[in-house]
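Order-wise, the sequence lines are chains A, B and C. So in the working numbering, spot 75 of the first sequence is number 75, and the numbers just go up one at a time. So in the working numbering, spot 97 of the second sequence is number 189, and the numbers just go up one at a time. So in the working numbering, spot 852 of the third sequence is number 1152, and the numbers just go up one at a time.
None of these hints come from the bench; they were simulated from the model. It is possible that some hints are incorrect.
Chain A side only, calculated, beta carbon under 10 Å to chain C, not exhaustive [what the hints assert, rightly or not]:
1) Ile4
2) Thr60
3) Ile78
4) Val84
5) Pro87
The beta carbon of each residue, even a glycine, is placed where N, CA and C say it ideally should be.
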Amino acid sequence: MLLIPCPWCGPRDEAEFHYGGQAHVAYPENPAALSDEEWARYLFFRDNPKGLFAERWSHTAGCRRWFNAVRDTATNEIHAVYRVGEPRPVTA
Amino acid sequence: MADSTVAVSMAVPIAGRRSPAAAYAARFEAASAGGGLRLAEIPFLTQVNLRVDPKSPAAERIGTAIGVPLPVEPGTVAGGGDLEALWLGPDEWVLLAPDGAAPGLVARLTEAAGGEHVSVVDVSAQRTTLVVAGDRARDVLAHGCTLDLHPRVFGPGRCAQTTLARAGVVLVAGEDGFRLLVRSSFAGYVAEWLLDASVEYAGPAAGA
Amino acid sequence: MSERSEPMSGAQPYRREGATGKTLRFRFDGRDYEGLEGDTLASALLANGVRAVASSIKLGRPRGVYAAGCEEPNALVQIEEPFPEPMLTATTVELCDGLVATGLPGQGRLADRPDPARYDAVHAHCDVLVVGAGPAGIAAASVAARAGARVILADERPEPGGSLLGTTETLDGGPGRDWAAREVAALAALPDVRVLRRTTVVGHYDDNYVIAVERRTNHLGAAAPADVARERVWRIRARRVVLATGGHERFVAFAGNDLPGVMLAGAARTYANHYRVLPGSRAVVFTTNDSAYAAALDLADAGVEIAAIADVRQAPGEAWAARCAGRGIELLTGHVVTAARGEGEVSSVEVSRREGGEAREIAADLLLVSGGWTPVVHLFSQAGGTLRYDEELGAFTPGETRQAVEAAGFARGVGGTGARTLRACLEDGAEAGRRALAAAGFAVPAGIALPSAGEEPAAAPAEHLWLVESDDYDAHFVDLQRDVTVAEVLRATGAGLTSVEHVKRYTTAGTAHDQGKTSGLLTSGVVAHALGVDVSELGTTTFRAPYTPVSFAALAGRDRGHLHDPVRVTAMHEWHVARGALFENVGQWKRPWYYPRAGEDMESAVLRECRAAREDVAAMDASTLGKIDVVGPDAAVLLDRLYTNMMSTLKVGSIRYGVMCRPDGMVFDDGTVIRLADDRFLVTTTTGNAAAVLDWMEEWLQTEWPDLRVHCTSVTEQWATVALVGPRSREVLARLAPGLAVDNDSFPFMTWRDAEVAGIEARVCRISFSGELAYEINVSSWFGLALWEAVMASGEVTPYGTETMHVLRAEKGFPIVGQDTDGTVTPQDLGMEWIVSKKKADFVGKRSFARADTSRPDRKHLVGLLPEDPGVLLPEGAHLVETSALPEPPVPTLGFVTSSYRSAALGRTFALALVSGGRERIGERLYAPVGADLVPVTVTSHVLYDPEGARRDG
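If we strip away everything but chain A, and leave its shape as in the complex, we get (with noise of 0.2 Å):
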């Protein structure tokens, strides 16, 4: 059970929260213009790094926020959450 620090909430339990994957996918601004191949891509394709990733967050049992994390796929530490729209922080 993560201990997740909700940006607005602090640390709750991981069964509070939604995981949303990859962050930083954003909706095509013209899905029409897109080929098969590149919508396809935006549909059916995410990282799957060994190591840090950062990724989408819902504190739905909570204040329903969305927000961004960056967790170390590998030992499941997050090395930092940051609201949508930020940019993604630097992460040693």
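Add chains B and C to chain A, keeping to what the hints say.
The following block gives chains B and C in isolation, referenced to the frame of chain A:
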């Protein structure tokens, strides 16, 4: 035809009204007989959900209009007595007031918003209020609440949206215990859960 | 318990003089015995001279008590009374009056009756969690607690003291266990300290989330109070964890090392000192280190004849050797035990010089073994810590960790010569407490008063011996519980396995209930020996939670029975119950399924309810539909982007049906959208998706379109909803709402009106999910029951449940998201091309409708099916094939049945199905394999009733 400046909820007659945990009154009372714990429902409280940008002039006007500045520190409660504002999110509060206050409160909020983008929704029947109070209140809640309820951490003036057992709740700390705002459809489950969790603290009567 | 026989004469022949405590009666393997309060089942059995306690799982060899704690590899028992519990270790079962148990051959038996006891869980938080109330743990907890930190001290035994319980060591001039009891009692009296006895920490997870199991009333037997949870799971979040978990003694692989009477030396010492039980009369001691000398001397003091000590070393600790000489105990240095012999239990021990030569047979009924001590690093390893091999100790000790956890005392390898030293452990615990305080931000006290310990002899280095070499390894046991011998390990390495993880899986060593506590390192040692490498290179197998077995009942806690999952009910629920409704689970909701009258089965009740809705007037509790208030200047823009159809053109006062898709174009949810004002909508969702749709809206608003000025608020339970359906619904509504103009022109289809219904303020919507004239009446849920009762008061409205709702909607071909769709179905697949806007530049899912995959002609379409025999009801999920005889597998399937009902209106059965290219197959005959039969069906349009929509206006 309704528009957004008019209260969504309407004044209602009292006859035939029934609160979500009404069926539990006697069992709550029995569980409270031991003295260390008090369980009860406070039915029909006014609850109005408010969403507004806290930095907007509307937020400030609303604070003035209701006499309670909207708390901006996460998980805190402002006001007291006849009007409390609970922080639910960075742009979301629930305002608590006595039974029957909803139409007036909705009107005041809407007027104070002055046409700015504000959401005011009467949610009085969406959740009911359960009281878990007394010396053993923290012990009972600790069976199903993952938050640290130590008075230094979650004392009077604090609130939190979290889960109790498997139900979402708004937990409000007071001087003598806690209030739980519970979704109406979950009220029976939470009541049953509280009664079960209280057995060790309330004597066998609670399990009846 | 009624047929209890008299206890045997000469009860407890192996009990030491001076043992005190209440006498308890128990039965084991059908025989009655007496023990003393404070006994474990193991100590009570030993006191009665019971040597063989269980038999081994594969070989059926007799096995006795080997250890004195949770590391016990042998003595597995089944408890029969007070309540059946399988597979407990006799060494951890506290004796209670009336206990009935049997020894097990490896596997237990689950109870065949429900467990009446309560179980629960508690969430706890602390600055410092100390695991283990031995000398190091108590010292750490004392330092932390006295500085004001919130401390939890958890220990698995009934009383504190840890290793002190088994020894005669003194602290502050008195017995060590008395010091432990005093210290812990003083700690427990502090306001922010919680002492958990009989509590085993079984799991250490991310962010110092620690799971412990407290056994609260098990030891009380039949006297356990019914209102106290029997076991409690503690879910502890600790800022800092100190693991003072001590060590487990390990044995050595030699022939016959599994015979009853062979016992770990430290365990024998604990039985003699703590339980006042002599595990035998005449003992041989076999050791690799100094620790067994203290055991031998304590047992000698207690009255056990020590026939000889075989020490593998040439140079044992001089002080210990001198003490033995003083007692006349024969010390055989440079010797090993080559075999334990006896029929069913040890009667003699064969020793020889380590390098070989003539063996000597010594008569003994007890063989005490010490192969050294292994720090208990399980939790440290679970927490993600690395382990490193300590050459001096001959064991793995904690290394690096990223969590706020450290080991203290012998768990960290303090002592270092094969066993712990008391003073070093106390000091190390206190230091760990200071570090924990500093890390948690507390002022660290300057001086720490530690108790004065007695002098301990200088220790000599241990020698790490894993096995006694032999020509025949068939009875050299490595894992006693799994009956794994050195011979099997050699087979594994002989087969080419070079990793202990592989050997573990090949031999099953370390996979029993004890997870190799006494044998894991031994396995590594034997493998290393076989491969000719060093243990440090080989490493250990992975430590995984739980540290000790946990009962399922404890894990379930109070989440069982009616509290297993939340039961959500509407404001009208009591009425449905009182009227005998059967309920269907829809998500967590209990929805009335149908309301059988006397003598009706489900089929006849549903046909009656359907007829009432189609021919007369009927009502359903529709309160469970999700409802979301969507408000703001950009509310219409948001809905246009999320629904496939246009919502911005909806007029205030009107209602529109809509479908939402995921970006991949697959249907996600459907419902109606009510426009309350220019800037305000009420969106309804399916019952099961209410939270998901609200989350969906928030996700887009917060993460993609923060510029949109829209707020969404759930009002699902603010409103209770009654669906009033049927040709006579208008007439009933008119009577209930005399102020409302109900004629079709004043109140047309897909509009809403505010009105007073039965004296209650209501919003009435003209929506139909059945094709009939119908209304949905919404009131504050406080008045839901009052409205429902008013609707039912005249007695002319038939209540109907979800089954009838399903039949009615299926007759009209209305799909249910999640039943007729499964996340791979587009609106077009459902025959709902009309709901996908061609005008909007974009909406979520639109781009995917231009993908080649979504226009494949063989996509599965929603169609109707009419079984050729109108009485045959197809099972939902039945597959559909093209041919009247099944070909050889793999059988090509065209699709499957998603909904299937008997229709009163059609006078026959029918089904909906997703069928490949289904719309092109209308009129075709397909076959549904049902059991051994191939049921012929005809493909039809999915709209089977009133395709013209003539009935909706009444």
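We went through each hint and held it up to the structure:
1. About 9 Å separates the beta-carbon of Ile4 (chain A) from the nearest beta-carbon of chain C, less than 10 Å, and the hint is met.
2. Taking 10 Å as the C-beta cut-off, the interface hint given for Thr60 (chain A) holds, the closest approach to chain C being about 6 Å.
3. Here the hint on Ile78 (chain A) is kept, as its CB sits about 9 Å from the closest CB of chain C, short of 10 Å.
4. Below 10 Å, beta-carbon pairs count as interface contacts, and Val84 (chain A) has one with chain C at about 5 Å; its hint therefore holds.
5. With a cut of 10 Å, the hint placing Pro87 (chain A) at the interface with chain C is violated, because the nearest CB-to-CB distance is about 15 Å.
The structure shown violates just one earlier hint, number 5.
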